[in-house]
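Student: Protein chains in written order, with my numbering: chain A, 1 to 959; chain B, 1001 to 1159; chain C, 2001 to 2090.
Hints are computed from structural coordinates only; laboratory data are not their basis.
Glycine included, each C-beta is placed from N, C-alpha and C at the ideal position.
A few of these clues could be false.
Capping the alpha-carbon separation at 16 Å, the derived lysine to aspartate or glutamate pairs in EDC-like fashion look like this [what the hints assert, rightly or not]:
id: 1; chain 1: C; residue 1: 2039; chain 2: A; residue 2: 628
id: 2; chain 1: A; residue 1: 663; chain 2: A; residue 2: 502
id: 3; chain 1: C; residue 1: 2088; chain 2: A; residue 2: 17
id: 4; chain 1: C; residue 1: 2009; chain 2: A; residue 2: 642
id: 5; chain 1: C; residue 1: 2039; chain 2: A; residue 2: 626
id: 6; chain 1: C; residue 1: 2088; chain 2: A; residue 2: 615
id: 7; chain 1: A; residue 1: 722; chain 2: A; residue 2: 272
id: 8; chain 1: C; residue 1: 2088; chain 2: A; residue 2: 626
id: 9; chain 1: A; residue 1: 663; chain 2: A; residue 2: 272
id: 10; chain 1: A; residue 1: 801; chain 2: C; residue 2: 2055
id: 11; chain 1: C; residue 1: 2009; chain 2: A; residue 2: 628
id: 12; chain 1: C; residue 1: 2039; chain 2: A; residue 2: 610
id: 13; chain 1: C; residue 1: 2039; chain 2: A; residue 2: 877
In silico negatives: residues of chain A with every beta carbon more than 10 Å from chain C [unchecked claim]:
id: 14; residue: 115
id: 15; residue: 339
id: 16; residue: 340
id: 17; residue: 345
id: 18; residue: 503
id: 19; residue: 625
id: 20; residue: 626
id: 21; residue: 806
id: 22; residue: 808
id: 23; residue: 852
id: 24; residue: 914
id: 25; residue: 931
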Amino acid sequence: MSLVHEIDYGTPASRSEKQVTLTIDGRAVTVPEGTSIMRASMEAGIQIPKLCATDMVDAFGSCRLCLVEVEGRNGTPSSCTTPVAANMVVHTQTNRLKDIRRGVMELYISDHPLDCLTCAANGDCELQDMAGAVGLRDVRYGYDGGNHVRARNDGEINARWMPKDESNPYFTYDPSKCIVCSRCVRACEEVQGTFALTIEGRGFESRVSPGAHEHFLESECVSCGACVQACPTATLTEKSVIAIGQPEHSAVTTCAYCGVGCSFKAEMRGEELVRMVPWKDGQANRGHSCVKGRFAYGYASHKDRILNPMIREKISDPWREVSWEEAFSHVATELRRLQYQYGRESIGGITSSRCTNEETFLVQKLVRAGFGNNNVDTCARVCHSPTGYGLGQAFGTSAGTQNFDSIEQSDVVIVIGANPTDGHPVFGSRLKKRLRQGAKLIVIDPRRIDLVRTPHVEAAYHLPLKPGTNVAVMTALAHVIVNEGLANEQFIRERCDWSEFEDWAAFVSEEAHSPEATESFTGVPANLLRGAARLFATGGNGAIYYGLGVTEHSQGSTTVMAIANLAMATGNIGRPGVGVNPLRGQNNVQGSCDMGSFPHELPGYRHISDDATRDTFEKLWGVTLDNEPGLRIPNMLDAAVEGTFKAIYIQGEDILQSDPDTKHVSAGLAAMECVVVHDLFLNETANYAHVFLPGSTFLEKDGTFTNAERRINRVRKVMSPKNGYADWEVTQKLAQAMGLNWNYAHPSQIMDEVAATTPSFALVSYDYLEKMGSVQWPCNEAHPQGSPIMHVDGFVRGKGKFIRTEYVATDERTGPRFPLLLTTGRILSQYNVGAQTRRTENVAWHAEDRLEIHPHDAEQRGIKDGDWIKLASRSGDTTLRALITDRVSPGVVYTTFHHPDTQANVITTDFSDWATNCPEYKVTAVQVSPSNGPTEWQEDYNDLSRRSRRVAGKMEAAE
Amino acid sequence: MTMRISADEIALRSRDIIHDLKPLEGPMLPILHALQAEFGYLPDAVKPIIADELNLSRAEVHGVVTFYPDFRDHPGGRHVLKICRAEACQSMGGDDLADRVRSLLGIDFHQTTPDDAVTLEPVYCLGLCACAPAAMLDGAVYGRVDEHCLSEIVAELRQ
Amino acid sequence: MSHDQGQEKLVRMANQIATFFMSQPEAERASGVATHINKFWEPRMRRHLFDRLDEGADGLMPLVVEASAMINRPPPPAEAGSRNATPKSI
């Protein structure tokens, strides 16, 4: 086992279909037209020396090291900027080239520190490599005179020297080692799209400058690390490499944060993780990453991590550490007792959208085969369950239709209810790259998200609708398209039911659904909406990307259906560059749904009432399965309060922090007799738990995650679980304690069982994934390579279904008591409830949640930026600090939910989507007023939390 | 004596100038020249304003501003005297001329005289090689600069 | 939340479903509501609904009442300590 080796070809690959043949060093080489000589050589195994070229960015031609000689041409062109031509004859090594290259290296080394042996890049430095490659022996210029290396020259202060910038928590910038190759600047521009870096000055004075000569942390940098990855020297280096040293082996694994599912090489020394480096062949991220995946893995070794099982009688008692055996036997006994006393349906489980597919499969199997009911659910309930319902109705399958590569062929992109530069950063960067190439953007969001206007990107249309009016806006867009004759009739006739279309077309054409008629309550000017509709219908390949701003509404499912209608009406399905793309939030929420985490579905989205499907599982598992739908999470809590639901096994989810109407959640949990929490930390839900089973991180287990593209990616174990068992082992042992005869020796066996029972996974196995890297389901006989694009020839249900989408105003109305509308969202550096990211250095960026409020609304209330304010709704109130901004419209306020002491969900109501009970997080009527400090609830809650985290025999950790 | 302009005024006057020039193709350089003409230099505060108006990053604007020696980040003298330091002028006594000017004015290159009369800058080739050594005062060029020419220039400055 | 509160919540949910299907073509309305409830509502939830229907359907939209003919009425709750407490092996 050694470091996964990736070849740097120097310049990006060409997409051309035409091939060109040339001769390099006497060998015939054939490559696509448009390939550079450097890349062509590398593909033939010839490494031309280079410093300023790297294949993540376009050629630059500044270092003059990669020069070659071309027969019939004068001079020595740089191979990175010179494209191949038919019959070209290239020599990469001649006397003249040797002299020139040595001369270039002499110049570089004359202004560079010579501390290789103690430098962090020792062993991984391209400058070192090039010095060796060109045979550098002598630096005839000497090392005296003007330089950037020494703080003092002959005792005098050296004005050119700059000290190290260690402001960023994860990497260091050392200007004395910089060779001004500009790779970092170009990576920030081309790959990340933030443009946070530049070269200031000129000539010998040139230096890298974050922002306008600022420290990294205060500049526009978002800490994605692309510059660190691109830097050929130790100038930009990970602090972990400085502290530990060079890694010696690595494994490709998948990030455990968001639904993009970036592939990383986990680079190790022994069982210590040295750093995470994006894997260029990762098809979701293509070698890029964000701050969380690349740097924020510190939570895995945080002091808060619980490593031993714990039990307690009452939730007011301190925890008691026990052995695994005692914990399993206790849980099994309790669960069976409660079932005997209260009925088979009185217990249930929640699977994790952050654990692997295999682990999720086992939890739902435990509930169905072990508990004997269907009371299993997952966090998708509170985020994308409307996607499942809506797309299931319209297309026949409940997942996104494209892969992320598809964005490269889009011409018009609608982003509705999503904030990709914060929530799906790597996808956000790929989107921005396409927009800089000329694609057009329509943003539908109550808030002016970054995408609306950010360096080099400007949305053609921003429709700032009032929260809750999504359906009206989508139907109005459809109205314009149908009425102005912009629908794609050919596509509709071929792929959809024409009579259903006619019915729907008549419906959307009604005057009441026009932009003019809806403007008064949506807040979107009619001419703007018309312009956006026309652009989408006529601008070429149209793609729709949406997120929780669509689903977390009482009309979430309806909006999803409206999106599907729009895509079908404009013929934007079934090829690259188009499609309906739900931006799934969690690393494995797609997988968790696939694995049958819903109370009404077995793995593969088959209803439990379907006899044939049940039969497959009954035969395999040797037990009769309940054929009635089970309880969803909010209904579990309702039933608990009513006294008919008594125990729950929660794996990797913190419902007390993430679910709405906190008081209702805590009432539900408090009413249960056996709450089992299986997690990394004592989270908020654990305050009400009777058993705590320590969990394992993604670095400590084998498995698979399925990202928003339906892509099944391997998760590879690189260290032993600090808690002793991988999560799938814990679930297995629990099942065994309950009398189930499970004997999985490795997660691959669990995946084999999935493949044997689930048609869309039929060909998936660990061997196949080794071979293919990753596959997008469906992956079976009909689609042996997987399915990058779905519904290519026909929809999964046959014909696409047009469904009428009537606007229904939410019950959550503003009024004199609660005149403002609160909506919520995420930011880049913190993830979800913050359980992981708050336990890393990311707190440098977002130490608290703030309430964004418009200047008018703030002024009316006498609130200044930074003031403590009370945020109140019908459900409850909480306190946080204000942030005055005009990103939100008057009448709308916004906050994040990353910190538990904010208790943001005390405010949210129990209103939810009509079809799936997905909570209406995005619309809450609130009032904002100045405050003195935390509310009584917050103080009581903090007390409860502290008391609840006591572990017998251990000192309370100082915060 | 240098005039301090308030941040609000800088912002107001900058945005006016930028709005006028924004429609041009490649507006950044015309804007920078206009702003320097307005304020006598480029205050740091204009960089984020330009970035916002042109939808660029602060870094990009900073990179452009610092690349061109003509753009000052602090107020300069009432006049700018540039002495050519390139090879053709060197071969015709350009180095001696540079030394002479420095001692006459009492300042080094990139510095301004205490009475704010003049800032002295080097320039690399004015394209007057046939009339070396050459110099430029506020945009007006001088060729075959000798002692007599120099005293004319200095007199001009003292006005 | 009391038994009544729980029932109220389900009445609201049923009405929300009915509101959606009121916007659909006539032929799909009642069957749409019934199919949805059969597919997604656990027996205890359906029991609450039938309790309300049996008591006079107070607060329920007419479409819900119409659809109830096609909704699966769940059996009465099992006795405590019954032999049905654990799954049946095959």
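Student: Find the hints from earlier in the document that the structure breaks and name them by number, from lowest to highest.
Tutor: 2, 3, 9, 10, 11, 13, 15, 16, 17, 18, 19, 20, 21, 22, 24
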